[in-house]
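Numbering (this note's numbering), first residue to last: 98 to 216.
Simulated from the structure, these hints should not be mistaken for lab results.
A virtual CB, placed ideally from N, CA and C, is assigned to each residue, including glycine.
Incorrect hints may appear among the rest.
[What the hints assert, rightly or not] No farther apart than 27 Å at their CA atoms in a straight line, the calculated lysine-lysine pairs in the DSSO-like style are these:
id : residue 1 : residue 2
1  : 211       : 132
2  : 190       : 125
3  : 202       : 111
4  : 101       : 111
5  : 190       : 101
6  : 211       : 190
[To be verified] Derived Cβ-Cβ restraints for the label pairs, each shown as a range:
id : residue 1 : residue 2 : range
7  : 102       : 161       : 23 to 29 Å
8  : 111       : 191       : 15 to 21 Å
9  : 101       : 179       : 29 to 35 Å
10 : 158       : 111       : 29 to 35 Å
11 : 207       : 171       : 18 to 24 Å
12 : 141       : 170       : 15 to 21 Å
13 : 137       : 207       : 17 to 23 Å
14 : 111       : 162       : 14 to 20 Å
15 : 108       : 192       : 15 to 21 Å
16 : 117       : 161       : 32 to 38 Å
17 : 182       : 158       : 27 to 33 Å
18 : 156       : 189       : 33 to 39 Å
19 : 172       : 212       : 27 to 33 Å
20 : 105       : 187       : 30 to 36 Å
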Amino acid sequence: MKKKIRRLTVGGNKYVCLIEFTEGIIIKLSPAEDKTARTDVVFGRKAEDGEDSFPERITAVKDGEEVSFMTDRPAGAVLMLELLGEGCFISRKTLRVDGYGLLEKNGYRITGIKNGLYW
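Taking the hints into account, I'd like the entire structure generated from these sequences.
As structure tokens, this is what we get:
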């Protein structure tokens with residue numbers, strides 16, 4: 098299992114990101130100043146995917162523009178932080194958000210999911 102803490106700056110705010118590979122992939126996000134406030138963005142494995150795979154690259158379209166990002170890279174975490182917006186971090190609470198639903202709620206239409214393999 099791969100775990101690596103990343104430090105990100107989005108909109109002048111500092112965050113900590115941890116990627117966890119379980120039943121898909123979980124992007125765990127916290128403000129740097131309060132790590133007890135956490136939002137987990139979950140990209141679950143689809144039923145037809147193999148047991149040792151996770152959704153590695155997601156391609157989506159919004160307003161005719163295609164966006165493609167890797168869920169296990171900082172660029173994916175930055176996009177999730179931008180989509181979550183204000184109020185997604187509450188001290189001593191962990192919020193769990195469906196990543197696919199978050200994209201669709203923000204006007205993205207998912208056009209492709211490429212799976213990667215756990216190593």
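Do the hints match the structure? See the list:
1. 211 <-> 132: violated (31 Å)
2. 190 <-> 125: holds (12 Å)
3. 202 <-> 111: holds (25 Å)
4. 101 <-> 111: holds (17 Å)
5. 190 <-> 101: holds (22 Å)
6. 211 <-> 190: Violated, because 32 Å separates the two Cα atoms, which is more than 27 Å.
7. 102 <-> 161: 23 to 29 Å: Taking Cβ atoms as reference, residue 102 and residue 161 lie about 36 Å apart, which means the hint is violated.
8. 111 <-> 191: 15 to 21 Å: holds (19 Å)
9. 101 <-> 179: 29 to 35 Å: 21 Å Cβ-Cβ, so the 29 to 35 Å window is violated.
10. 158 <-> 111: 29 to 35 Å: holds (31 Å)
11. 207 <-> 171: 18 to 24 Å: holds (21 Å)
12. 141 <-> 170: 15 to 21 Å: Cβ of residue 141 to Cβ of residue 170: about 18 Å, so the range 15 to 21 Å holds.
13. 137 <-> 207: 17 to 23 Å: holds (19 Å)
14. 111 <-> 162: 14 to 20 Å: violated (28 Å)
15. 108 <-> 192: 15 to 21 Å: 19 Å Cβ-Cβ, so the 15 to 21 Å window holds.
16. 117 <-> 161: 32 to 38 Å: Check passed, 34 Å falls within 32 to 38 Å.
17. 182 <-> 158: 27 to 33 Å: violated (21 Å)
18. 156 <-> 189: 33 to 39 Å: For residue 156 and residue 189 the Cβ distance comes to about 36 Å; the hint holds.
19. 172 <-> 212: 27 to 33 Å: The hint (27 to 33 Å, Cβ to Cβ) is violated, given that residue 172 and residue 212 are roughly 18 Å apart.
20. 105 <-> 187: 30 to 36 Å: Given range 30 to 36 Å: violated, Cβ gap about 19 Å.
Hints 1, 6, 7, 9, 14, 17, 19 and 20 from the earlier list are contradicted by this structure; the remaining hints agree with it.
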